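From first to last, the protein sequence lines are chains A and B. Per the working numbering, the very first residue in the first sequence carries number 1; after that it's consecutive. Per the working numbering, the very first residue in the second sequence carries number 1; after that it's consecutive.
Quick caveat, the hints were computed from the structure, so don't treat them as lab data. Note that the coordinates shown come from a computational prediction; the quantities given were computed from them, not determined experimentally. No residue lacks a Cβ here, since even glycine has one placed at the ideal position from N, Cα and C. Incorrect hints may have been included.
Claimed, not checked - Chain B regions said to be covered by chain A (calculated; three or more residues, Cβ under 8 Å):
no., stretch
1, 5–12
2, 15–23
3, 38–44
4, 51–58
5, 115–129
Unchecked claim - Not close to chain B: a few residues of chain A, all C-beta gaps over 12 Å, as computed:
no., residue
6, R10
7, A22
8, I57
9, I58
10, R69
11, F130
As the list claims (entries may be wrong) - Pairwise CB distance ranges (calculated):
no., chain 1, residue 1, chain 2, residue 2, range
12, B, L34, A, E111, 25 to 31 Å
13, A, V54, B, D276, 51 to 57 Å
14, B, D72, A, G137, 18 to 24 Å
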Amino acid sequence: MSDADRQRTRWFLRNILPHEPALRGWLSRSAPPGVDPGDVIQEAYTILAELESVDGIIHPRAYLFQVARSVIVRHVRRARIVPIHTVDDLERLEHPDDAASPEQHTIDRDELRRLAHAIAAMPHKTREAFVLRRVKGLSQREIAARMRISENTVETHISRGVSFLIDWFGRSGNRRSQTSRNTEPEIAALDGRARHQSRH
Amino acid sequence: MAERDTSRDIDQAASDWTARLDRGPLTPEGEEALQAWLDGDPRSRGALLRARALSMFSESAQALGPDFDPADFEEPPPPRWAGLSRRQALAWGGGAAAAASLVALGVGLPAAAGTLISTDRGEIRLAPLKDGSTVLLNTETRIRVKYSAGERRVTLLKGEAYFSVARDETRPFVVEVDGRRLSTVQAGFRVRKLDADPVDVLVNQGEVDLAAPRRATVETMALTANTRLTLSAPGVGRPAVAERPQPIAPEAVTRELAWREGKLAFEGETLKQAADAFARYSDTRIQVPDPDLAREPVTGLFAANDPAGFGRAVARVFDARLEQKGDEVILTRDRTRASGSH
Chain A
1 MSDADRQRTR WFLRNILPHE PALRGWLSRS APPGVDPGDV IQEAYTILAE LESVDGIIHP
61 RAYLFQVARS VIVRHVRRAR IVPIHTVDDL ERLEHPDDAA SPEQHTIDRD ELRRLAHAIA
121 AMPHKTREAF VLRRVKGLSQ REIAARMRIS ENTVETHISR GVSFLIDWFG RSGNRRSQTS
181 RNTEPEIAAL DGRARHQSRH
Chain B
1 MAERDTSRDI DQAASDWTAR LDRGPLTPEG EEALQAWLDG DPRSRGALLR ARALSMFSES
61 AQALGPDFDP ADFEEPPPPR WAGLSRRQAL AWGGGAAAAA SLVALGVGLP AAAGTLISTD
121 RGEIRLAPLK DGSTVLLNTE TRIRVKYSAG ERRVTLLKGE AYFSVARDET RPFVVEVDGR
181 RLSTVQAGFR VRKLDADPVD VLVNQGEVDL AAPRRATVET MALTANTRLT LSAPGVGRPA
241 VAERPQPIAP EAVTRELAWR EGKLAFEGET LKQAADAFAR YSDTRIQVPD PDLAREPVTG
301 LFAANDPAGF GRAVARVFDA RLEQKGDEVI LTRDRTRASG SH
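Assemble the whole structure, with the sequences as input and the hints as a guide.
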């Protein structure tokens, strides 16, 4: 990771990621049907990743919600939703839950505990590999030797560990959604025609 | 690639790339592949940022000390399905060699809750499903979609939906409504479940089989094109009506399905019934206080989103007066002998 990358990632970790559960909650309540909160969140993060600089962002939470809102507007425009009445659904999106954020920006004890619980809940082999890599600092090659598995398998375990954290932290306080995602791939994107459209 | 990746797929790929980058520097081919992936979808870069941030975050577990043993943090065993479905969730998209053992864990589990799709009042939406089938949801409708290896199941929770089912001999398409099962290999059919009325099934194309209710002695009933069936409601105080498919003229089918074009079609329904039909589509209410006027038959094709326009048309035909107050359209018959007739 380049220094710039690392800085942006760290900024994101401290200033944006803590707001994801709130953003997801707001999206689940307010986004028009067919607009997947998961899609909106990823696209919003892309916009943050591509910003030249984040120095000007004084209120990251408000900024995040604003970016997410712009993504929704784009989705709605390309979705095949036929509104047969004139009420502008977007009105509902005008007032995101913008209360001052109580979240901590530094990693505190609670967060550390949550992390420990998340790691504890991983499948065993994944957990073993993940702890050796991220906590004990062994390289993937060293882990492969120690666990007597291939390096590719170690990589898979690390990937699965990261997936697990995405699940755990993104959907915190909303465990039920974790199960519902089993079936998510069954649904073709509801904005079907927008497939593989690139952003301009 | 015909399918758009879900956010879940993207997260999976982002996790894979994070692990790959964590392993060591990429080869030039690897760099190229990463770049292609990043450029391939507007969500990729954001997903990767999040995955890497969480990976970075996990380093802080070092603060737990060299003796950190995750086993100390294991939660009391969750209900069996919860723990396993989580693994199953992780396993489904992996495609990785090591995923095989995890997939095995997922076998035989109760499937997850399914995906909900709904519309608000006044909306029609088309939901394409993965197998090429589509569901068109009418106003204020809610369905749950749950596909498995054995069947493509959609539950109609409320409202009205039109199912265009793509052929798949091996995996029937099943619509569940009020505990009853309608199944088909390929068909176009409408199912309606409104609060006040018994469930109504209308087959437009193909054939749909209605499974017998539990404990019933009758066989499965086949519904063919241009057939309509009202399910007997097991409700309290309502006598069970024999379920018998009624043939219905193709024009009537078209009329019944006019909502798919955002229209409402009437042919001889009473003005009251027509007014109630409009009420499903907007907050505007058509009030017809005069019982005689309310019984007048209405015929025509109207825009579902324009109850006031319907009111004006009706007023002209029946020589009625139209008054609009906020969300109310009131139709009255202009007669001075109003109370003198009895």
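Status of the hints after comparison with the structure:
Residues of the stretch 5–12 of chain B lying with their CB closer than 8 Å to a CB of chain A number 7, which satisfies the three-residue condition for coverage. Here the stretch 15–23 of chain B counts 8 residues with a CB under 8 Å from a CB of chain A, which clears the bar of 3, and the coverage holds. Look at the stretch 38–44 of chain B against chain A: 6 of its residues bring a Cβ nearer than 8 Å to a Cβ of that chain, three or more, so the hint holds. Against chain A, the stretch 51–58 of chain B contributes 8 residues with a C-beta closer than 8 Å to a partner C-beta. That satisfies the three-residue criterion, and the hint holds.
For the stretch 115–129 of chain B, the stated coverage by chain A is satisfied: 14 residues place a CB nearer than 8 Å to a CB of that chain, which reaches the threshold of 3. Separation of R10 (chain A) from chain B is inadequate, the least Cβ-Cβ distance of about 7 Å not exceeding the 12 Å criterion. With a closest Cβ-Cβ approach of about 15 Å to chain B, A22 (chain A) is found to remain outside the 12 Å limit, as its non-interface label requires. A cut-off of 12 Å between C-beta atoms confirms that I57 (chain A) is not in contact with chain B; the least separation is 15 Å.
For I58 (chain A), the condition that its CB be more than 12 Å from all CB atoms of chain B holds, with the nearest at approximately 20 Å. For R69 (chain A), the requirement that its beta carbon stay farther than 12 Å from each beta carbon of chain B is met, with the minimum near 15 Å. A Cβ of chain B approaches the Cβ of F130 (chain A) within 12 Å, the least distance being about 7 Å, so the stated non-interface status is violated. A C-beta distance of roughly 30 Å is found between L34 (chain B) and E111 (chain A), which places it inside the suggested range of 25 to 31 Å.
Taking the beta carbon of each, V54 (chain A) and D276 (chain B) are about 55 Å apart, inside 51 to 57 Å as hinted. The supplied range of 18 to 24 Å is met by D72 (chain B) and G137 (chain A), whose beta-carbon atoms lie about 20 Å from each other.
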